Amino acid sequence: MKFDQLTEHAEGKLLSGIVDRVGHVVINNPERHNAISMAMYQAGAAEVTRMAADPEARLLVIRGAGGKAFASGADISKFEKERSSAEDVSKYAEASKAFYDSVFTFPKPTIAMIQGYCIGGGMGLAVACDIRLCEDKSRFAVPAAKLGLGYGYEGIRRLANLVGPAMVKEIFFTARQFSAAEAYDMGLVNRVLAPHMLAAYADDYAKRISENAPMTIESVKAITQSIQGDESDRDLQALAAMVKACFDSQDYIEGRRAFMEKRKPNFTGS
70 MKFDQLTEHA
80 EGKLLSGIVD
90 RVGHVVINNP
100 ERHNAISMAM
110 YQAGAAEVTR
120 MAADPEARLL
130 VIRGAGGKAF
140 ASGADISKFE
150 KERSSAEDVS
160 KYAEASKAFY
170 DSVFTFPKPT
180 IAMIQGYCIG
190 GGMGLAVACD
200 IRLCEDKSRF
210 AVPAAKLGLG
220 YGYEGIRRLA
230 NLVGPAMVKE
240 IFFTARQFSA
250 AEAYDMGLVN
260 RVLAPHMLAA
270 YADDYAKRIS
280 ENAPMTIESV
290 KAITQSIQGD
300 ESDRDLQALA
310 AMVKACFDSQ
320 DYIEGRRAFM
330 EKRKPNFTGS
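Counting from 1 along the sequence shown, just add 69 to a position and that's the residue number in this note's numbering.
Simulated from the structure, these hints should not be mistaken for laboratory data. The structure presented is a predicted model; accordingly, all values stated were derived computationally and were not measured. We put the CB at the ideal spot given by N, CA and C, even for glycine. Be careful, since some hints might not be right.
What the hints assert, rightly or not - Label-pair distances were calculated between CB atoms; the ranges are:
id, residue 1, residue 2, range
1, Thr76, Gln297, 29 to 35 Å
2, Met329, Pro124, 25 to 31 Å
3, Pro124, Leu305, 21 to 27 Å
4, Asp170, Arg325, 18 to 24 Å
5, Met266, Pro124, 30 to 36 Å
As the list claims (entries may be wrong) - 25 Å max Cα-Cα, derived DMTMM-like pairs, lysine to aspartate or glutamate:
id, residue 1, residue 2
6, Lys137, Asp199
7, Lys333, Glu100
8, Lys276, Glu156
9, Lys238, Asp273
10, Lys166, Glu156
11, Lys166, Asp302
12, Lys238, Glu223
13, Lys71, Asp205
14, Lys333, Glu280
15, Lys331, Asp273
Could you build all of it, start to finish, from the sequences and the hints given here?
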């Protein structure tokens, strides 16, 4: 996938588009290690929401431009302008939360392709994804305690669902950087690859998912998200209906036929 296939937003600092059934979002602020401004958060939320409703996009891949950072969180250089008052802080928090929530609630698979640093809000973005792929030189940290920042409930819960409460406390209490190997050991990332292999691996990973049955994948994601959420919010009837819809679908017929005919299935999501 080439960046010139994507559309620019937030003065070119965020790119998005759908290429070969894969939705893409690129944090394009490499001169600031892909720090994310208010406008980028707002554009990101809008684009992810748009692609969530587009059947052409079967999954979403998020990455950073430049090769040195996935995302380094909030753009501190804009704090005086964007976070100088309580009202500004609230608006900024709402914008960042909207972006992370749009990724977390995206009904299809989401992949974070992590090159280099994944810091602060970048961790929040990565943790909102279903799958995290990184290179062996990637570094992870949440330096909130070094800046005196508060960190919201949902972000901490999502991280705890991956690495457990004890590791969440170590990540936040120490505010230190963790290596890719440490991130893998704690369950933060799914795969660690050599830098020259990551992009091709991520593209192949996305292609493999895009060729599988969308309704099956979406039902599994919905059930998994429900398990990780509050029990009071679970709609077991709706989840059961999604499973039943798989068996009632044309894709189920196509899958059986393809298996019997020893060919690759052509799933349509219907």
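Hint check:
1. Thr76 <-> Gln297: 29 to 35 Å: holds (32 Å)
2. Met329 <-> Pro124: 25 to 31 Å: holds (27 Å)
3. Pro124 <-> Leu305: 21 to 27 Å: Holds, at about 26 Å.
4. Asp170 <-> Arg325: 18 to 24 Å: The hint (18 to 24 Å, Cβ to Cβ) is violated, given that aspartate 170 and arginine 325 are roughly 37 Å apart.
5. Met266 <-> Pro124: 30 to 36 Å: Holds, at about 31 Å.
6. Lys137 <-> Asp199: holds (22 Å)
7. Lys333 <-> Glu100: violated (44 Å)
8. Lys276 <-> Glu156: violated (43 Å)
9. Lys238 <-> Asp273: It is violated: about 35 Å lies between the C-alpha atoms, which goes past 25 Å.
10. Lys166 <-> Glu156: Roughly 15 Å between the alpha carbons, so the hint for lysine 166 and glutamate 156 holds.
11. Lys166 <-> Asp302: holds (19 Å)
12. Lys238 <-> Glu223: holds (15 Å)
13. Lys71 <-> Asp205: With Cα atoms ~23 Å apart, lysine 71 and aspartate 205 stay inside 25 Å; holds.
14. Lys333 <-> Glu280: holds (9 Å)
15. Lys331 <-> Asp273: Holds - the C-alpha atoms of aspartate 273 and lysine 331 are around 22 Å apart, at most 25 Å.
Hint check: violations occur at hints 4, 7, 8, 9; the rest are consistent with the structure.
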